[in-house]
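J.: Line order of the protein sequences matches chains A and B. Each step along the first sequence adds one to the number in my numbering, with nothing skipped, and position 294 is 706. Each step along the second sequence adds one to the number in my numbering, with nothing skipped, and position 301 is 558.
Derived from the structure by calculation, the hints contain no laboratory data. Quantities reported herein were computed from a predicted structural model and do not represent experimental measurements. One thing to keep in mind: the hints can contain errors.
[To be verified] Pairs of lysine-lysine, DSSO-like flavour, derived with a Cα cap of 27 Å:
{"hint": "1", "chain 1": "A", "residue 1": "K846", "chain 2": "B", "residue 2": "K561"}
{"hint": "2", "chain 1": "A", "residue 1": "K870", "chain 2": "B", "residue 2": "K508"}
{"hint": "3", "chain 1": "B", "residue 1": "K508", "chain 2": "A", "residue 2": "K414"}
[Claimed, not checked] Cβ-to-Cβ under 7 Å is the rule here; a few derived chain A residues that face chain B:
{"hint": "4", "residue": "L425"}
{"hint": "5", "residue": "T426"}
{"hint": "6", "residue": "N430"}
{"hint": "7", "residue": "L433"}
{"hint": "8", "residue": "D438"}
{"hint": "9", "residue": "L481"}
{"hint": "10", "residue": "L484"}
{"hint": "11", "residue": "Y488"}
{"hint": "12", "residue": "V489"}
{"hint": "13", "residue": "L492"}
{"hint": "14", "residue": "V499"}
{"hint": "15", "residue": "K617"}
{"hint": "16", "residue": "H844"}
{"hint": "17", "residue": "S848"}
{"hint": "18", "residue": "D853"}
{"hint": "19", "residue": "T855"}
All C-beta atoms, glycine included, are put in the ideal place defined by N, C-alpha and C.
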Amino acid sequence: MKPFSHLLDRLVLTPARNGKLQLLKDYFADTPDPDRGLALAALTGRLDIASIKPALLRNMMAERMDEVLFKLSYDYVGDLAETIALVWDNKKRTATAASSAAAPPADENQQQPSLSEVVKSLQLAGKTDAQKILAGWLDQLDAPGRYALLKLLTGGLRIGVSARLAKLALAQLGRVDVTEIEELWHGVEPPFAELFAWLVDGGDKPEQLAAAPFRPVMLANALTEPDRNKLNPELYAAEWKWDGIRIQASVEGGERRLYSRTGDDVGRAFPDLLNAMEFEGTLDGELLVARAEDDGNLNVASFGDLQQRLNRKTVSKALLSSHPVILRAYDILNDNGEDLRQLPFAQRRRRLEGFMSNLNPSRFDLSPLIEFRTWAQLADLRADPPHPAIEGVMTKLWDSPYQPGRPKGPWFKWKRDPMLIDAVLLYAQRGHGKRSSYYSDYTFGVWTDEGVLVPVGKAYFGFTDEELKQIDKFVRDNTIDRFGPVRSVTARPDFGLVLEVAFEGLNRSKRHKSGLAMRFPRISRLRWDKPPGEADTLASLEALIS
Amino acid sequence: MIPAQLLHPTSKGLYCPPGDFFIDPVASVPRALVTHGHADHARAGHGDVWATQQTLDIMAIRYGTDHCRQTHIAGLRQSMTINGVTVSFWPAGHVLGSAQILVQFDGLQILVTGDYKRGTDPTCEPYEMVPTEGRLDALITEATFALPVFRHPDPQDEIAKLLKSVAQFPDRTHLVGVYALGKAQRVIGLLRHAGYDRTIYIHGALKKLCDYYSSQGVNLGRLEPATLDKGQKDSFAGQIVLGPPSAFVDKWGRRFADPISCFASGWMQIRQRSKQRGVELPLILSDHCDWDELIDTITELKPKEVWVTHGRDDALIRWCELNQMKARPLILVGYEEESE
Chain A
413 MKPFSHLLDR
423 LVLTPARNGK
433 LQLLKDYFAD
443 TPDPDRGLAL
453 AALTGRLDIA
463 SIKPALLRNM
473 MAERMDEVLF
483 KLSYDYVGDL
493 AETIALVWDN
503 KKRTATAASS
513 AAAPPADENQ
523 QQPSLSEVVK
533 SLQLAGKTDA
543 QKILAGWLDQ
553 LDAPGRYALL
563 KLLTGGLRIG
573 VSARLAKLAL
583 AQLGRVDVTE
593 IEELWHGVEP
603 PFAELFAWLV
613 DGGDKPEQLA
623 AAPFRPVMLA
633 NALTEPDRNK
643 LNPELYAAEW
653 KWDGIRIQAS
663 VEGGERRLYS
673 RTGDDVGRAF
683 PDLLNAMEFE
693 GTLDGELLVA
703 RAEDDGNLNV
713 ASFGDLQQRL
723 NRKTVSKALL
733 SSHPVILRAY
743 DILNDNGEDL
753 RQLPFAQRRR
763 RLEGFMSNLN
773 PSRFDLSPLI
783 EFRTWAQLAD
793 LRADPPHPAI
803 EGVMTKLWDS
813 PYQPGRPKGP
823 WFKWKRDPML
833 IDAVLLYAQR
843 GHGKRSSYYS
853 DYTFGVWTDE
863 GVLVPVGKAY
873 FGFTDEELKQ
883 IDKFVRDNTI
893 DRFGPVRSVT
903 ARPDFGLVLE
913 VAFEGLNRSK
923 RHKSGLAMRF
933 PRISRLRWDK
943 PPGEADTLAS
953 LEALIS
Chain B
258 MIPAQLLHPT
268 SKGLYCPPGD
278 FFIDPVASVP
288 RALVTHGHAD
298 HARAGHGDVW
308 ATQQTLDIMA
318 IRYGTDHCRQ
328 THIAGLRQSM
338 TINGVTVSFW
348 PAGHVLGSAQ
358 ILVQFDGLQI
368 LVTGDYKRGT
378 DPTCEPYEMV
388 PTEGRLDALI
398 TEATFALPVF
408 RHPDPQDEIA
418 KLLKSVAQFP
428 DRTHLVGVYA
438 LGKAQRVIGL
448 LRHAGYDRTI
458 YIHGALKKLC
468 DYYSSQGVNL
478 GRLEPATLDK
488 GQKDSFAGQI
498 VLGPPSAFVD
508 KWGRRFADPI
518 SCFASGWMQI
528 RQRSKQRGVE
538 LPLILSDHCD
548 WDELIDTITE
558 LKPKEVWVTH
568 GRDDALIRWC
578 ELNQMKARPL
588 ILVGYEEESE
């Protein structure tokens with residue numbers, strides 16, 4: 413348990429992605445089976461263990477400890493699992509603290525139960541004896557071990573590690589492409605011994621056995637101007653880039669799956685789409701909220717509408733009918749068991765058109781192709797798309813096979829230019845890691861009709877190192893108030909710092925004071941030349957809402 | 258006479274009317290007894306000061322030799338008389354020179370623990386239980402970490418975390434936030450004890466006190482200033498650098514290669530505290546008692562009354578009530594919670 417609890421403690425406080433990857437790789441390399449596999453299951457949400465309700469833990473503590481002392485402790489710490497982990501008295505303490513603090517024997521680590529011992533006993537336990545078994549483990553574990561166990565049992569480690577990141581660490585460890593792991597992922601089960609045997613110990617790659625497995629997705633590179641000048645437009649198809657979630661819908665032998673771009677099984681959130689998947693094969697497309705019009709066409713709603721459907725464990729009936737999701741198909745990878753990925757795009761497209769004619773038209777439609785002859789023509793179409801939910805165009809080499817990953821050449825995305833506003837810097841927060849001595853996270857605002865600045869967003873990248881130094885100096889020289897790591901800076905019509913902020917879209921949001929939420933905001937320029945009084949207004953921002 | 262007439266709080270600090278002296282006064286007074294050298298307990302500008310030799314040395318390092326009119330060396334375990342009141346200093350195990358003070362007068366005896374700890378720390382004299390033969394009228398105890406959530410882990414395990422991280426991230430600098438008196442030398446001592454024999458780099462603010470600890474026979478190994486010439490950014494990659502926490506969030510921290518910020522403090526027990534401070538690697542190392550040590554001491558000394566000073570007095574008073582002991586808070590102002 414000690415290596416696992418130590419890993420969790422480090423991950424939760426390590427902001428940098430590379431730092432997290434290093435910690436994960438070292439853990440997977442140094443920890444034996446089956447502990448490392450159970451840890452991987454816990455990190456990727458695949459650990460099958462009965463959860464324990466906070467109320468039960470509170471009752472357990474009420475029997476063990478004075479409730480006033482517990483309450484004082486809980487109020488101070490603010491987290492139930494952490495409080496219990498710390499106050500738990502394991503009765504092993506020796507008579508005087510002075511002797512207990514002396515160096516313990518070196519083999520104390522071995523006395524700690526392993527993650528797999530703990531997990532197995534709890535998986536086997538019935539509801540009634542689970543509490544007793546838990547108490548027994550809490551007695552044997554140290555405080556970080558107790559914390560890790562309680563977090564496992566109360567659900568949600570919340571340590572800032574996505575399943576994708578854990579798979580990436582595995583891929584780096586085994587020097588394979590992450591798509592290979594994504595492809596296998598739903599065919600292997602915790603504790604993933606065969607996966608580690610392959611990636612760490614030099615064994616054979618496990619066979620793909622699961623029905624309807626994830627097929628690693630093909631991604632596009634951004635189309636730059638030098639690219640365009642070199643490419644022959646006649647060799648490329650073009651279609652709209654829809655502003656939704658890339659999704660893979662797969663059915664095999666009655667097994668229906670919806671996968672995210674990174675191979676996470678997201679079907680549970682979209683039962684309406686799953687139900688409509690009456691086919692055998694695998695489609696690649698965009699998940700969108702869309703409502704049928706009188707003419708039978710599907711009218712796509714904004715990304716904000718789609719957000720209502722994301723990250724939910726359960727979906728209400730009302731939401732299912734007010735925000736129905738559809739799949740707008742881009743490609744077909746498998747047709748009734750026939751793998752089409754090696755066919756050129758032109759052939760796959762014809763197969764796709766045929767395949768789509770048999771599907772429920774209220775849930776599935778085809779992403780239309782765009783006719784164009786020159787890049788200039790396509791640029792004009794991109795600048796003025798026919799629908800607000802279009803965020804650019806895609807170009808695909810007519811004779812390209814479907815390759816996992818992001819190969820350079822066959823597919824390009826050419827996104828619409830970002831939206832720009834001039835906003836005023838209001839607050840700056842100290843960064844982490846490399847940036848811990850810099851004020852590098854910025855909250856910016858625009859003017860209301862009443863002449864007040866209201867925060868509209870936060871950005872922490874887009875600027876150069878040199879610009880970071882300049883902003884940091886401005887923040888330090890013009891601080892008017894401090895709240896922990898945050899400083900508020902001078903922002904008056906005649907004095908302050910104007911930031912040109914670029915972003916990809918704007919949605920209404922109840923969570924923000926301004927009522928607006930930006931997508932992917934970043935600092936595009938520093939406008940030292942511009943007085944804050946001339947920055948944008950909330951009204952001008954609202955006019956940009958799609 | 259009742260205990261409160263022998264010692265009671267005033268705006269300048271804990272006062273003894275019959276002896277006409279203060280203990281750890283926060284303002285200038287004619288007569289001061291000082292438990293240890295931390296700045297909020299040991300101040301400049303008093304008349305006569307009684308303290309251990311080491312505490313007086315530390316005060317002279319911090320404030321100059323003329324920090325008071327007259328110094329008096331308090332030998333450990335030796336009784337002295339001030340205006341008819343008997344006082345004696347006993348090792349507190351907090352930092353070099355730290356002492357508990359026993360005050361005896363007219364058949365009454367009160368023990369002022371000052372800041373203390375009972376865990377192992379080779380950089381200072383270990384805590385000693387003051388022999389009061391179960392006849393202690395009042396115990397004035399510190400309460401910095403007086404909540405059942407504070408259970409300090411084994412210090413050597415905490416140092417092992419740091420060393421493991423240094424091995425895992427050999428291209429990064431580990432910046433360890435430490436207070437200049439006590440914590441800095443303890444972290445260095447623990448690193449040496451764990452077999453780390455490379456040069457340890459220190460911020461200028463730590464130098465004088467590290468030199469002083471060395472002169473007192475505490476082996477700190479090779480220390481070098483953490484200064485560098487321009488364009489040498491990578492020279493601290495893979496090294497351990499110690500400095501006051503305030504320096505790391507300031508521009509000083511920018512000179513290091515992709516730093517990992519560490520902080521050695523008892524407060525690091527609480528994850529949210531680490532997070533708020535942007536600490537990536539918390540080292541739970543305290544120079545104060547944890548909850549178990551505080552209640553062990555009370556249990557062993559069996560005082561008639563417990564007076565609880567700065568910290569979280571409510572939990573300790575509740576514990577005393579549950580164990581049928583008389584306890585009350587002692588409101589003393591001017592001490593810093595974070596000073597550890």
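J.: Next step is simple, just say for each hint if it's right about the structure.
T.: Hint check results:
| no. | hint | in the structure |
| --- | --- | --- |
| 1 | A:K846 - B:K561 | violated, 54 Å |
| 2 | A:K870 - B:K508 | holds, 23 Å |
| 3 | B:K508 - A:K414 | violated, 36 Å |
| 4 | L425 | holds, 5 Å |
| 5 | T426 | holds, 6 Å |
| 6 | N430 | violated, 9 Å |
| 7 | L433 | violated, 11 Å |
| 8 | D438 | holds, 6 Å |
| 9 | L481 | holds, 6 Å |
| 10 | L484 | holds, 5 Å |
| 11 | Y488 | holds, 6 Å |
| 12 | V489 | holds, 6 Å |
| 13 | L492 | violated, 12 Å |
| 14 | V499 | holds, 4 Å |
| 15 | K617 | violated, 28 Å |
| 16 | H844 | holds, 6 Å |
| 17 | S848 | holds, 5 Å |
| 18 | D853 | violated, 11 Å |
| 19 | T855 | violated, 17 Å |
Hint compliance for this structure: hints 1, 3, 6, 7, 13, 15, 18 and 19 are broken, all remaining hints hold.
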